[in-house]
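Using the sequences and the accompanying hints, generate a full structural model.
There are 2 protein chains.
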Amino acid sequence: MARWEPNAPERLAQAALDLFAERGYENTSVVDIAQRAGLGKTTFFRHFQDKREVLFGRGTMDELVTKAIADAPAAATPLEAVAHALDAAGREVFTPARRAFTARRRAVIAAHPELREREALKNLGLIASVTDALKQRGVPALTARVAAELGALVFAIAYERWSDPANSDDFSELARRALDDVRATTALC
Amino acid sequence: MARWEPNAPERLAQAALDLFAERGYENTSVVDIAQRAGLGKTTFFRHFQDKREVLFGRGTMDELVTKAIADAPAAATPLEAVAHALDAAGREVFTPARRAFTARRRAVIAAHPELREREALKNLGLIASVTDALKQRGVPALTARVAAELGALVFAIAYERWSDPANSDDFSELARRALDDVRATTALC
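Note that the protein sequences, when read in sequence, are chains A and B.
For the first sequence, this note's numbering gives the first residue as 1, with consecutive numbering after it.
For the second sequence, this note's numbering gives the first residue as 1, with consecutive numbering after it.
Pulled a few chain A residues facing chain B out of the computed Cβ check, cut under 10 Å:
#, residue
1, 117
2, 118
3, 122
4, 150
5, 184
Since the hints were made in silico from the structure, they are not lab data.
Idealized CB from N, CA, C, for every residue including glycine.
So this is what it looks like as structure tokens:
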């Protein structure tokens, strides 16, 4: 297997996805994953607490989103600040080069309830980070929470569309469109 | 321990909460829970797939919410239909008699990531049920999804306030207030 990325977490994630596809999630151990990535078990556990976690190296995602919201123009509304974060995610995480990886990752998660659980919890953590980042901008608590939830929905819609191989638009573009759609829709609820 | 409810799932949940408080979640087995409830292991597994599941006997919640949304007046907006479901939940599930149980359950879940994961996944299932129930009423897909997400947030806020022992308001009343708050807030996002 080609080591498509030089850093350990991505190599481990890629090796895990390959092995899950070849022999199934249940039949793949942490040792198998580390071996396939050309790394040791110790390195695996330095980056991930357990097998499930290998598909969720998203500490960076929380930081990236928090920073982007802090850096949004002072006059930005809460959802505009969230849009700023979605733009940053499109530039730095959901790049065209990662689309195929993401589509495979998404399929594995969808097929395993224990991975869907982990993803659901990670998303709650991300929503909490966005809420906190908005509060840091002086947004009242409830408004921050509502904006963060709407932002999570925008993210989910954009992510679904983007990881569909039939779709070739940029993540940021899809996120902008999803944001407009969701904003227009809240008035109809 | 008093068997506060005649039916097995509730007795098992109550026994589980008692044991988690006495000896910790990790040190409690399915056999322990069944024994404390005066039931057998087989009965446990007839109702719950694993130890975590004992705190999430919520099949009824999905049905109740789906039915209440279907039964909402034809002229109800999507969020009014969701309010109808929250009313039903207040009448049939989150009754004053269950407040103490719920507060304890909430504390145990908050303290254990594996329970928080399960809860997060259950909530996604409930959001999907609400979305489907709204679509059955002819609500367009995206509007249904946004209304279901906002409904989940309203539910979360009402549930937090209701399970706070310092609070004595009815769940339905708290849900109505949370819905008004969230609706007013979406315009500020």
